[in-house]
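Q: Add chain B to chain A, keeping to what the hints say.
Residue strings, one per chain:
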Amino acid sequence: MKSPQDLIRFLLPLAVFAAGLVLWEAIVRAYGIQPYVLPSPLLVLKTLVADWPVLSQSLGVTLLTTLEGFVAAAVGGVVLALLFNQSKWLEYSLFPYAVVLQVTPVIAIAPLLLIYLQQQTAVIVCAWIVAFFPVLSNTTLGLNSVDRNLAGLFQLYGASRLQTLLLLKLPAALPYILGGLRIAGGLSLIGAVVAEIAAGSAGAGSGLAFRIAESGYRLNIPRMFAALLLLSLAGIVIYGVLALVSHLLLRRWHESALGKDS
Amino acid sequence: MVESIVPETDANNLAVRLRGVTKTYDSGVRALGSLDLDVSSGEFVSLLGPSGCGKSTALRLIAGLATPSTGTVELSHHGAEQRGSHRVGFVFQEPTLMPWANVRDNVRLPLKLARAAATDAEARIEAALDQVGLADFAAAYPRELSGGMKMRVSLARALVTDPDILLMDEPFAALDEITRFRLNNDLLSLWRNLHKTVIFVTHSVFESVYLSQRVIVMTARPGRIGAEFRITSPEPRGEEFRTSAEYAAFCREVSGALAPSYAGQAGA
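Line by line, the protein sequences give chains A and B.
In terms of the working numbering, the first sequence opens at residue 1 and continues consecutively.
In terms of the working numbering, the second sequence opens at residue 1 and continues consecutively.
Errors might be hidden in some of the hints.
One side only, chain B facing chain A, incomplete, derived with CB under 7 Å [unchecked claim]:
1. Leu65
2. Phe92
3. Trp100
4. Pro110
5. Leu113
6. Ala135
7. Phe137
8. Ala139
9. Tyr141
10. Asn184
Since the hints were derived computationally from the structure, they do not count as laboratory data.
Virtual Cβ for every residue (Gly too), placed ideally from N, Cα, C.
Isolated chain A, as found in the complex (with noise of 0.2 Å):
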């Protein structure tokens, strides 16, 4: 925090925050709401903390989902977008597919999925089909966008075709497939979320987003409140280390990571 401008932007939030759960609170005692319709903010924390064991188990198998479709996300868009940008025909024969997934809902999806496929098969699955679309689109952009200048300089030199991939067009994409990766991290657990749920109400399961399935039957508001905290700060987590991942990467050299006044 540099400038009291800084300070302000980070702490107006907060306040806003703040002033809601008091908010919350104050309505729940207020008019004496029953904890299976509204839940106050204090007993939402209060499960929280009682229900921790089983929720952080849940917490545990969601995130290892999200990241398996999410690594799956990334290698299937970058391998995919390089293959398009190595062959034209292959581009052209599978691009449109790649859309189709994308423009699909994965809702809709998610049912058949779980029919063909074991169900935490089907969950990767899922978060592969939400999450690796932005990673391809960005990855096709920035392979496309290389200085011609430098591709002329590679030619001028002889270089071959892994050279110039290697040492000029990944380089020269890694901002955009950074980019990619920030989007698909959020979108992964989404996927994750939405093909567990569609799971859970198959019966079976215990990620996060089961406990909610499973918490809503019971009417345990509380705990669903819990677990959708946990989700948030889960995804909040997510795009907080793939952001810090992209700067550490760029900071030397890319516009986006550099300073205003630098």
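A: What follows is chain B alone, placed relative to chain A:
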């Protein structure tokens, strides 16, 4: 086609020979030609002309970055067989550095692409950086450098393979005057010491006369050779040459030849 068929024993010691070269783009725009050009080994030649006269295109054809629509481009190679096409050094209008790599790695690039031995490479990189006065900035990233320094890195990268022919495409056009003058002087001393053939594209009469042994004035699109001047002033040239009557006379003469190229253009 870029061919290397001029034998070492060829008379006149030619470095570059263009015969009947034309370039027509896919859009149908005739950019160049027909162009006949001989450049002797060790000569400093400027191609001077208005924007869009095809002088950059000519340079790209010589470099092998584009192929002529008709005609032949021949480059001699004086050295051994390993002196392949990359023995041409090219300096672009922009520094064209890899922003993700530091100065040393940017200069290393041509060697890396040619898979040169690592020990030899380090020494060559040091030497190239020394030649352009950037030995202390090897670890800096391009964005940390001024425009003039970036151009020096670009020059070091062109020199690192020890090419016979140095092709420069308006390399100093974007720099301020003081920086450009300094780089002009440094380029001249490099040329004197390293005995390279230099083909220098510029739209500045003053720069072309200051640097060159021969100035070739090109006409507006499609680019042809309009006039040729031998700048006979003796080497080494320095700042006093810039203010000499002889220099002014050459500039006046070359400007006169350049004027018709601008005649048909709006705003000229």
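Q: Taking the hints in turn, state whether each one holds.
A: Now the hints, each set against the structure:
1. Leu65: Leu65 of chain B check passes; min Cβ-Cβ to chain A is 5 Å, inside 7 Å.
2. Phe92: holds (5 Å)
3. Trp100: At 5 Å from the nearest chain A Cβ, Trp100 of chain B passes the 7 Å test, so the hint holds.
4. Pro110: holds (5 Å)
5. Leu113: holds (4 Å)
6. Ala135: Where the cut-off is 7 Å and the nearest Cβ of chain A is about 21 Å from Ala135 of chain B, the hint is violated.
7. Phe137: This hint is violated: Phe137 of chain B lies away from chain A, its Cβ roughly 14 Å from the closest one there, beyond 7 Å.
8. Ala139: This interface hint is violated because 11 Å lies over the 7 Å limit.
9. Tyr141: holds (5 Å)
10. Asn184: Asn184 of chain B check fails; min Cβ-Cβ to chain A is 22 Å, beyond 7 Å.
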